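Top to bottom, those sequences are chains F and A.
Going by full-length UniProt numbering, 409 is the number at position 409 of the first sequence; the sequence numbering is gapless.
Going by full-length UniProt numbering, 180 is the number at position 180 of the second sequence; the sequence numbering is gapless.
Derived by calculation from the structure, the hints in this document are not laboratory data.
Among the clues, some could well be false.
The calculated SDA-like cross-link candidates involving lysine to any residue, where the alpha carbons are at most 20 Å apart (straight line), are [unchecked claim]: (1) A/K241 to F/M244; (2) A/K262 to F/G248; (3) F/K283 to F/E18; (4) A/K98 to F/W353; (5) F/K274 to A/K272; (6) F/K355 to A/M266; (7) A/K272 to F/W353; (8) F/K355 to A/L259; (9) A/K282 to F/E307; (10) F/K144 to F/L226; (11) F/K77 to F/V51; (12) A/K34 to F/E224; (13) F/K40 to F/R3; (14) F/K274 to A/R283; (15) F/K274 to A/G284; (16) A/K262 to F/N351; (17) F/K274 to A/E271; (18) A/K241 to F/H414; (19) F/K274 to A/Q90; (20) F/K283 to F/E307; (21) A/K187 to A/L159; (22) A/K34 to F/G227; (23) A/K201 to A/R141; (24) F/K77 to F/K144; (25) A/K262 to F/N252; (26) F/K283 to F/H308; (27) A/K213 to A/R141; (28) A/K128 to A/E103; (29) A/K268 to F/H414; (30) F/K193 to A/N48; (31) A/K213 to A/Y105; (32) A/K262 to F/E356; (33) A/K61 to F/T221; (34) A/K98 to A/E235; (35) F/K281 to A/E103; (36) F/K209 to A/V36; (37) A/K268 to F/A348; (38) A/K241 to F/G253; (39) F/K355 to F/L302.
Everything numeric in this text was worked out from a predicted model, so none of it was measured.
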Amino acid sequence: MPRPAPKKVIMREQPPKERIKNFNEVPYGYSPEEAIEEAKRCLGCKKRPCVEGCPVEIDIPGFIKAIAEGDFRKAIKIMKGNNALPAICGRVCPQEEQCEKCCIVGKIKNSEPVAIGRLERFIADWEAEQGKLEIPPRPTPTGKKVAVVGAGPAGLTVAGDLAKLGHEVVIFEALHKPGGVLMYGIPEFRLPKKIVEREVNYIRKLGAKLVTSFVVGRTETVEELLGEFDAVFVGTGAGLPWFMNIPGENYNGIYSANEYLTRSNLMRAYLFPKYDTPIIKGKRVAVIGGGNVTIDSARTALRLGAEHSMVIYRRSKKEMPARNEEIAHAEDEGVEFHLLNLPVRYYADENGWVKEMECIKMRLGEPDASGRRRPIPIEGSNFKIPVDAVVVAIGQSPNPLIPQSIKGLEVGRHGNIIVDPATGKSSYIRVWAGGDIATGAATVILAMGAGRVAARSIDEYLRTGKW
Amino acid sequence: MEILKKESNKIIRKEELAPLNKLFEIKQPNIARKAVPGQFIVIIHSENGERIPLTIADTNKVKGTITIIFQEVGKSTMQLGTFKEGDRLQDVVGPLGKPTEIEHYGTVVCIGGGVGIAPLYPITKALKEEGNKVIGILGARTKELLILEKEFEEITDELYITTDDGSYGRKGFVSDELSRLIGEDYKIARVWAIGPAIMMKVVSEVTRPQNIKTIVSLNPIMVDGTGMCGCCRVEVGGETKFACVDGPEFDGHLVDFDLLMKRQAMYKREEKLALESYIQSKRGK
Chain F
1 MPRPAPKKVI
11 MREQPPKERI
21 KNFNEVPYGY
31 SPEEAIEEAK
41 RCLGCKKRPC
51 VEGCPVEIDI
61 PGFIKAIAEG
71 DFRKAIKIMK
81 GNNALPAICG
91 RVCPQEEQCE
101 KCCIVGKIKN
111 SEPVAIGRLE
121 RFIADWEAEQ
131 GKLEIPPRPT
141 PTGKKVAVVG
151 AGPAGLTVAG
161 DLAKLGHEVV
171 IFEALHKPGG
181 VLMYGIPEFR
191 LPKKIVEREV
201 NYIRKLGAKL
211 VTSFVVGRTE
221 TVEELLGEFD
231 AVFVGTGAGL
241 PWFMNIPGEN
251 YNGIYSANEY
261 LTRSNLMRAY
271 LFPKYDTPII
281 KGKRVAVIGG
291 GNVTIDSART
301 ALRLGAEHSM
311 VIYRRSKKEM
321 PARNEEIAHA
331 EDEGVEFHLL
341 NLPVRYYADE
351 NGWVKEMECI
361 KMRLGEPDAS
371 GRRRPIPIEG
381 SNFKIPVDAV
391 VVAIGQSPNP
401 LIPQSIKGLE
411 VGRHGNIIVD
421 PATGKSSYIR
431 VWAGGDIATG
441 AATVILAMGA
451 GRVAARSIDE
461 YLRTGKW
Chain A
1 MEILKKESNK
11 IIRKEELAPL
21 NKLFEIKQPN
31 IARKAVPGQF
41 IVIIHSENGE
51 RIPLTIADTN
61 KVKGTITIIF
71 QEVGKSTMQL
81 GTFKEGDRLQ
91 DVVGPLGKPT
101 EIEHYGTVVC
111 IGGGVGIAPL
121 YPITKALKEE
131 GNKVIGILGA
141 RTKELLILEK
151 EFEEITDELY
161 ITTDDGSYGR
171 KGFVSDELSR
181 LIGEDYKIAR
191 VWAIGPAIMM
201 KVVSEVTRPQ
211 NIKTIVSLNP
221 IMVDGTGMCG
231 CCRVEVGGET
241 KFACVDGPEF
251 DGHLVDFDLL
261 MKRQAMYKRE
271 EKLALESYIQ
281 SKRGK
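Chain A with its partners taken away, still in its complex shape:
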């Protein structure tokens, strides 16, 4: 056990994958040894910071590192983005949540939208290694926001890209591409969809009539991430679940996405306030 090692939580590689999309490879041997696809971590970057849940995008057990990819959407992630190679994050906790059920299903479709492509990567890789025929669909608003295309090419049998504005791949949404595949009589055993709540909702609606089991990874607001507070509660099949310990993956056909989206917007006002005062303080310097 490497419990008291000083270099833990150090950022050993930082990359900008797309505007506002950053990658950190973090030294964290304890988590690297344990993490499996589908799990997440919680980061507190500094003393006054909040607990930010981020799904693990990759692990390297030999180097003892984990990789995260995040999008700067508010004060906390923006501030996280200012960390440089060699900096240490105050706290990195995990691995949390239930692992993905990786099995040999046959043909599976892995759908990622936006920064949701990152957590989809280890799941897709594991499904491929398990011998599944893997079809990937990646979507982004526009070409320059698309991440990990090369990496997905290596771990998928077929890969399709969509952009909202048609600047790359097919113009449209990932769900359109999925509809097309379903129409072309692929025998799809299972679908994974990770991305914005609305994307996961639409994908789940596309697969519902065909009764294709669809797994989604939910990203509600969290605090502790260990089942202690109930902040991340979601309704699945009419029952309340804690995404942090019962998930984050659930059967998309049973998830109440509208409730999820409303709860995700709970601190909109405060998030705006925090961002404004952060930007102002940056200007002051």
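Next up, chain F with everything else stripped away, as it sits in the complex:
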């Protein structure tokens, strides 16, 4: 067998100078020729380490082989056997830490792994372009009813899996649009909302019903749902934003990342006044934090017209939890990185608008519990940065609405629902949970993996009646 080409086929993208003026998706995706060329780099290993690296166990060598053979129809069929949301995963999964990290081609000296994510995205987009989605035949109804709370990545996976098995599934979503973080959190330029709609529609075509603007915990409690449904899955995400609790944090112009991104993504504030929801278009925007949400916010600020979009992070670039690819995209676009800085207070003008941020410089000490080097403030190093908008993107914890509303449900220190990771079962009979509500803020694909596990366990319970 010939050695595979050392580098991935490059995915073309919008040039940075152009793309910061629009919200269109940055990469264009592969053409069929490019996809076939890239697919041919796969060795088709017998041991399939890539599959082990995938939280939803996609038959990766299988679908790539079909692409290499030019049989795209077959490739998408294999894909959808394990993953109902490939257009999303192909775009937002951290493949470098999962499938591609395990890829044997990537272990060859000076060689990059097979671009599994790009191929996944290609095959999903190819199917959509054909205009005809293949829907598996509806199985005989089992007569069992499942309520899924939250239409994010975890809930959609559970719903798709259980609908395919013939269970009656109703998804309840608190917001007016389904998708959860895919809709309100991840920006249009990274995950176009049309794609989210398309994938959600697929789940509905599988047979799941969707009810939006229905706040479980308020409109109806989980206990009440249990009166009508045989099982309830809770996938309500990490919806409680953290603030730093430093002086001046409630001044005008200071947002949580959740609010900033929700306004821009879900409410389309970037199209104001065509859409009614406004957003402050700062010229000097500081985004606090170091994760993917930080990068998404900083890139959004640029597109809203910021002259300076600044990431303020208390450690160095090496410790940033954001994906390298996203950091690189942000750098190309001109996002400024102010590393080893910690905000300590804000100053406002007479009308309560933030105008300055005071930071203290940091140095790195010994590694802490997370394995990253602990940032230590350098005394007397305080300095001020002029700002007219701030986005606090330091993380979020599980949404407390449901955990608080179920009496007797076992909840962890951060308000997360405690589940058995092997089944997704909570301490409350007939209630499963998964995704960020159980783990705290993590990734889309881990939430989908948790959904997959819970769906299996729910199906087993529905068939056997054994909790």
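Start from chain F and add chain A according to the hints.
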């Protein structure tokens, strides 16, 4: 559960209570069944609309309806005002927020200002039903803007009206009337005050020296209304709270009203812009 019923969110009654003050009775059995005094809903009237938080003015569990009363102050509420009987609102979400603590306190004073009179109504009614002696004070800028006077007469033991211009009731502010009552040695156990932030602030200052617990219902700008975004954060007793899930009712003596008012003005510029372009587009038609 009536989750997929088509007639949900339909406006079954529309009334103009005062200039710019409109009432909708909306078919929403899920919310009607659950709503209790003090709670609010979020409305998105159409695809491009924003999420508008509105406190519930009444519920009818038998008919499965909720009533809201709103004032047209900007583009969104103006556009909402163009909806007619029989029209459907795109989304109605709720009930949201913590319920009012309804107990037997003794003598309570319920103060409403402007369109704040509407959310005060179910609270006052519940306090009355709980056996409290209820004194109502309603205030408006001018006579024709006063709403729900008749309804309040039925659920209060004493009712006082003030108008800023003296066109009806006593000339002055609701806080003046409250000061008078305090001076007349009513044994007031608790006060509710709902209205513009400045009114709630002044009422809270009037009751502070007497140490009369004063509950206010805050109306900061909101987005999701479920605790997800922190847009509605307010400072209460030096701590940051989310009005949508920790409130909307708080102890008025602990609220930082100046911060609330500044935050309420955050999108003044954008609101003006939206209104202008809306009016222009209306003219174009």
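Here's how the hints hold up against the structure:
This hinted pair checks out: A/K241 and F/M244 have alpha carbons roughly 14 Å apart, not beyond 20 Å. Taking the CA atoms of A/K262 and F/G248, the gap is about 13 Å. The hint holds against a cut of 20 Å. For the given pair, F/K283 sits about 18 Å from F/E18 by alpha-carbon distance, which is consistent with the 20 Å threshold. Proximity of A/K98 to F/W353 is assessed by CA-CA distance (about 30 Å); at most 20 Å being required, the pair is judged violated.
Distance check on the hinted pair: F/K274 and A/K272 sit about 14 Å apart at the alpha-carbon level, within 20 Å; holds. Taking the CA atoms of F/K355 and A/M266, the gap is about 14 Å. The hint holds against a cut of 20 Å. At roughly 18 Å between alpha-carbon atoms, A/K272 and F/W353 fall within 20 Å of each other, so this suggested pair holds. The hinted pair formed by F/K355 and A/L259 meets the criterion: a straight-line CA distance of about 16 Å does not exceed 20 Å.
The suggested pairing of A/K282 with F/E307 is violated, with an alpha-carbon distance near 35 Å, which exceeds 20 Å. Distance check on the hinted pair: F/K144 and F/L226 sit about 12 Å apart at the alpha-carbon level, within 20 Å; holds. A C-alpha spacing of about 16 Å is found between F/K77 and F/V51, which places the hinted pair at or below 20 Å, so the restraint holds. Taken as a hint, the A/K34 and F/E224 pair is honoured in the structure, with Cα atoms around 12 Å apart against an allowance of 20 Å.
Between F/K40 and F/R3, the direct Cα distance comes to roughly 11 Å. Compliance with the 20 Å bound is thereby established for this hinted pair. At most 20 Å may separate the alpha-carbon atoms for a hinted pair to count; F/K274 and A/R283 meet this at roughly 17 Å. Using a Cα cut-off of 20 Å, the hinted pair F/K274 and A/G284 holds, with the two alpha carbons roughly 16 Å apart. As the CA atoms of A/K262 and F/N351 are separated by approximately 7 Å, the hinted pair is consistent with the 20 Å bound.
A threshold of 20 Å between alpha carbons decides the hint, and for F/K274 with A/E271 the separation of about 13 Å falls inside it, so the pair holds. Distance check on the hinted pair: A/K241 and F/H414 sit about 18 Å apart at the alpha-carbon level, within 20 Å; holds. Using a Cα cut-off of 20 Å, the hinted pair F/K274 and A/Q90 holds, with the two alpha carbons roughly 17 Å apart. For the hint linking F/K283 to F/E307, the alpha-carbon distance of about 5 Å falls within 20 Å, and the restraint holds.
The straight-line distance between the Cα atoms of A/K187 and A/L159 is roughly 16 Å, inside the 20 Å bound, and the hint therefore holds. For a cut-off of 20 Å, the pair hint linking A/K34 to F/G227 stands: about 16 Å separates their Cα positions. Between A/K201 and A/R141 the alpha-carbon distance is near 17 Å, which keeps this suggested pair within the 20 Å criterion. In summary, the hint linking F/K77 to F/K144 is not supported, as the alpha carbons are separated by about 27 Å, beyond the 20 Å threshold.
The straight-line distance between the Cα atoms of A/K262 and F/N252 is roughly 7 Å, inside the 20 Å bound, and the hint therefore holds. For the given pair, F/K283 sits about 6 Å from F/H308 by alpha-carbon distance, which is consistent with the 20 Å threshold. The hinted pair formed by A/K213 and A/R141 fails the criterion: a straight-line CA distance of about 26 Å is larger than 20 Å. A C-alpha spacing of about 10 Å is found between A/K128 and A/E103, which places the hinted pair at or below 20 Å, so the restraint holds.
Restraint check for A/K268 and F/H414: the C-alpha separation of about 37 Å exceeds 20 Å, so the hint is violated. With a C-alpha separation of about 15 Å, the suggested pairing of F/K193 with A/N48 holds against the 20 Å cut-off. Taking the CA atoms of A/K213 and A/Y105, the gap is near 11 Å; set against the 20 Å cutoff, the hint holds. Straight-line distance between C-alpha atoms of A/K262 and F/E356 comes to about 17 Å, which keeps the hinted pair within the 20 Å bound.
Annotation: proposed proximity of A/K61 to F/T221 holds, straight-line Cα distance about 18 Å (limit 20 Å). Restraint check: the Cα-Cα separation between A/K98 and A/E235 comes to about 17 Å, which is no more than 20 Å; the hinted pair holds. Simply put, F/K281 and A/E103 have alpha-carbon atoms about 46 Å apart, too far for the 20 Å limit, and the pair is violated. With a CA separation close to 29 Å, the supplied pair F/K209 and A/V36 exceeds the 20 Å bound.
A distance of roughly 17 Å separates the Cα atoms of A/K268 and F/A348; the hinted pair therefore holds under the 20 Å criterion. Only pairs whose Cα atoms come within 20 Å are accepted, and A/K241 paired with F/G253 is accepted, the gap being roughly 17 Å. The hinted pair formed by F/K355 and F/L302 meets the criterion: a straight-line CA distance of about 18 Å does not exceed 20 Å.
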